[in-house]
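Q: Let chain Z serve as the given structure and place chain S on it in line with the hints.
Chains Z and S, in that order, are what the protein sequence lines are. Counting in our numbering, the first sequence runs from 1 upward without gaps. Counting in our numbering, the second sequence runs from 1 upward without gaps.
These are computed hints drawn from the structure, not numbers from a lab. These numbers were taken from a predicted model, which means no experiment stands behind them. Check before you lean on any hint, since a few could be wrong.
[As the list claims (entries may be wrong)] Facing chain Z, a subset of chain S residues (Cβ under 10 Å, in silico):
hint	residue
1	Gln21
2	Leu26
3	Arg28
4	Thr33
5	Arg34
6	His36
7	Ala100
8	Gly101
9	Val102
10	Ser103
11	Arg107
12	Arg164
13	Asp166
14	Val219
No residue lacks a Cβ here, since even glycine has one placed at the ideal position from N, Cα and C.
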Amino acid sequence: MTHELDPLIHVPTRLKIVATLAALPDGDTLSFTRLQDMLGLTPGNLIIQLRKLEEAGYLSSEKTRNGSAQKTTVALTRQGRKALDAYTQALRDLLGGL
Amino acid sequence: MNHTPDTSSAAGNGGDFDPRQAAALLDRTTQQTRRHIEPAQPWLLAIRAVMVMAVLGTVWLSVRGQHPYKGPTSSVLPFVFVFVVVNFLATVTVRKRATAGVSGRSRLRPAEIAVLALAWVAVFPLIGAMARAGVSGAIVYSLFPLTVPLIVAGLTWAGIEAARADWRPCGTGTGIAIVGAVGLFAGPAGAWAVVGVGLFIVLLGSAAAIVWRQRRSVVRP
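Next up, chain Z with everything else stripped away, as it sits in the complex (with noise of 0.2 Å):
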């Protein structure tokens, strides 16, 4: 058994994030603006986050052009999905022995 919290995922921020992704249903992708809106952060703050969680595999993104209108969205990846799974299954773990 191992209570190893994933470092990536292990900042509220990037919880919230990943939390937010995790709960759509399987295959929907989320627009940049609903995502900002719903966790209340601000843009320069989510594209860093954004980024790093990217980077890591843990999510895609996805940018549209409609006219002059660009759009971007995020899903969760199925690796995003097994490492908050690790990471819920990790706080079960500690938890349960405290």
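A: For chain S alone, kept in the frame of chain Z given last:
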């Protein structure tokens, strides 16, 4: 909108982020997200349940003493019409707000919406054909238009949601079809009461299932 302070630098390595705090934050965020993105809001389902029972109950009160059955009186029909319009507008508005920015597999595809609409509409030519074949007016113009669309559309909806492995709306669709089927055997007057009470139960059950799912803990299953 509440802006969360930038915690990236302060807790960059999660050093002073207690596991208990993390568990609480994980649960709270998951539950909030489930509430925000749910297209079928439980409060709207509960209001709809009460309204549908009130409207259909009013119709039932107006027809239960009719011998022979003549159908709902013209003074009741505006309530039914207003309910249908208000219900439609509220559903579209709430659904649009909840699913703003969400795209992907959980959204109904145009083909699925077309199948649902077709299933609903296809019933009426069939009922028209029965009227031409000489079936009683009380059945053709009151009982069937109330119950048969519920059976056909409910089963179609249940089928679509079963194909998506989304069992809560699949159960709601099946429940609606069962209400329609039971109403079919209650007679032209009794069907209004059966459908009213049946839909009340199905809608409240669906709302309760959504609330239970939304409040379920991620960390403590």
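Q: Is the interface hint for S:Arg164 satisfied, with its Cβ closer than 10 Å to some Cβ of chain Z?
A: Given a least distance of 9 Å, the restraint on S:Arg164 holds.
Q: So, as I understand it, the hint says S:Arg28 touches chain Z; can you test that by seeing if any CB pair is closer than 10 Å?
A: holds (9 Å)
Q: The hint names S:Thr33 as touching chain Z; please verify it with the least Cβ-Cβ distance against 10 Å.
A: holds (4 Å)
Q: Close enough to count: is the Cβ of S:Gln21 nearer than 10 Å to one in chain Z?
A: At about 8 Å, which falls below the 10 Å cut-off, the nearest Cβ of chain Z leaves the hint on S:Gln21 intact, so it holds.
Q: So, S:Val102 near chain Z? Judge it on the closest CB pair being under 10 Å.
A: holds (6 Å)
Q: Was the hint right that S:Asp166 lines chain Z, CB cutoff 10 Å?
A: holds (8 Å)
Q: For the restraint on S:Ala100, tell me whether the closest CB of chain Z is nearer than 10 Å.
A: OK, holds: S:Ala100 within 10 Å of chain Z, min 6 Å.
Q: Holds or violated: the hint that S:Val219 contacts chain Z, with Cβ atoms closer than 10 Å.
A: Result: holds, 6 Å to nearest chain Z Cβ.
Q: Going by Cβ atoms only, is S:Gly101 closer than 10 Å to chain Z?
A: holds (3 Å)
Q: Let's test the interface hint: is any C-beta of chain Z closer than 10 Å to that of S:Leu26?
A: Result: holds, 5 Å to nearest chain Z Cβ.
Q: Return the status of the interface hint for S:Arg107: holds when the least beta-carbon distance to chain Z is below 10 Å, violated otherwise.
A: holds (8 Å)
Q: Taking 10 Å as the limit, does the beta-carbon of S:His36 come near enough to a beta-carbon in chain Z?
A: holds (6 Å)
Hint compliance for this structure: no hint is broken.
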